[in-house]
Amino acid sequence: LAKTTQPISMDSYEGQEVNITCSHNNIATNDYITWYQQFPSQGPRFIIQGYKTKVTNEVASLFIPADRKSSTLSLPRVSLSDTAVYYCLVGPVSGAGSYQLTFGKGTKLSVIP
Amino acid sequence: GAVVSQHPSWVICKSGTSVKIECRSLDFQATTMFWYRQFPKQSLMLMATSNEGSKATYEQGVEKDKFLINHASLTLSTLTVTSAHPEDSSFYICSARPSGGPHTDTQYFGPGTRLTVL
Chain A
166 LAKTTQPISM DSYEGQEVNI TCSHNNIATN DYITWYQQFP SQGPRFIIQG YKTKVTNEVA
226 SLFIPADRKS STLSLPRVSL SDTAVYYCLV GPVSGAGSYQ LTFGKGTKLS VIP
Chain Z
2 GAVVSQHPSW VICKSGTSVK IECRSLDFQA TTMFWYRQFP KQSLMLMATS NEGSKATYEQ
62 GVEKDKFLIN HASLTLSTLT VTSAHPEDSS FYICSARPSG GPHTDTQYFG PGTRLTVL
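For the protein sequence lines, the chains are A and Z, in the order given.
For the first sequence, my numbering assigns the number 166 to the initial residue and increments by one for each residue that follows.
For the second sequence, my numbering assigns the number 2 to the initial residue and increments by one for each residue that follows.
Don't read these hints as lab results, they were simulated from the structure.
Ideal placement from N, C-alpha and C gives every residue a C-beta, glycine not left out.
Everything hinted at is true.
Below, simulated DSSO-like cross-link-like pairs (lysine-lysine); rule was C-alpha separation at most 30 angstroms, straight line: (1) Lys42/Z with Lys168/A; (2) Lys21/Z with Lys270/A; (3) Lys67/Z with Lys270/A; (4) Lys168/A with Lys65/Z; (5) Lys42/Z with Lys270/A; (6) Lys42/Z with Lys234/A; (7) Lys67/Z with Lys42/Z; (8) Lys42/Z with Lys273/A; (9) Lys270/A with Lys65/Z.
Stretches of chain A that chain Z covers, calculated by requiring three or more beta carbons in the stretch to come under 8 angstroms of a beta carbon on chain Z: (10) 204 to 218; (11) 265 to 274.
A few chain Z residues that don't get close to chain A, going by computed Cβ distances all over 10 angstroms: (12) Gly17; (13) Val20; (14) Lys21; (15) Arg25; (16) Glu53; (17) Lys56; (18) Gly62; (19) Val63; (20) Glu64; (21) Asp66; (22) Leu69; (23) Ser74; (24) Leu75; (25) Leu77; (26) Pro87; (27) Leu119.
Just need the whole structure built from these sequences, with the hints factored in.
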């Protein structure tokens, strides 16, 4: 499973756009990139998943460059309730070892009023 | 959609007793479920992969005789912590992968179970 590197923490003011970048230099051809959000004492919540280029849903966008060695989670206009730990995970979704998620340390996002 | 529940949400037990934690997929079927453990201020660590109708696959360092996993149906997996000790106190989280539909490549997590062993 590809290892990921994220900033340990980030601070942002309410209403700003937040971009969290994740490095995954040894991503494999069949690996997907998935981001989860976790609040204290709760299970992780799926945010977004992608393979290449750009993916957007109702809560976030995921930007993946052509070499796929990194990805950026973009949260538009954050609010205090977005304060959480954000995890970037990389792994296959089919075949051997599929669906197993290896969580790194994540990025603790603190939104300031 | 894609809701996973866990029961109980928290449990306190005496050292030496066994505790069972249930993980249910409420609105989808899950051939595969996963069990994680999370210590304070740390990340989630995968303990085992549970497949419906077959034996669970445990990660290295996880004692299969201590953490018994049963996945008897497509919507229920249980984790039993046998002869629990204070060092087993942790936050246990399950996840489930839908067997069919458009989201088979995604894991959905339960709310977690806080286990405290006295």
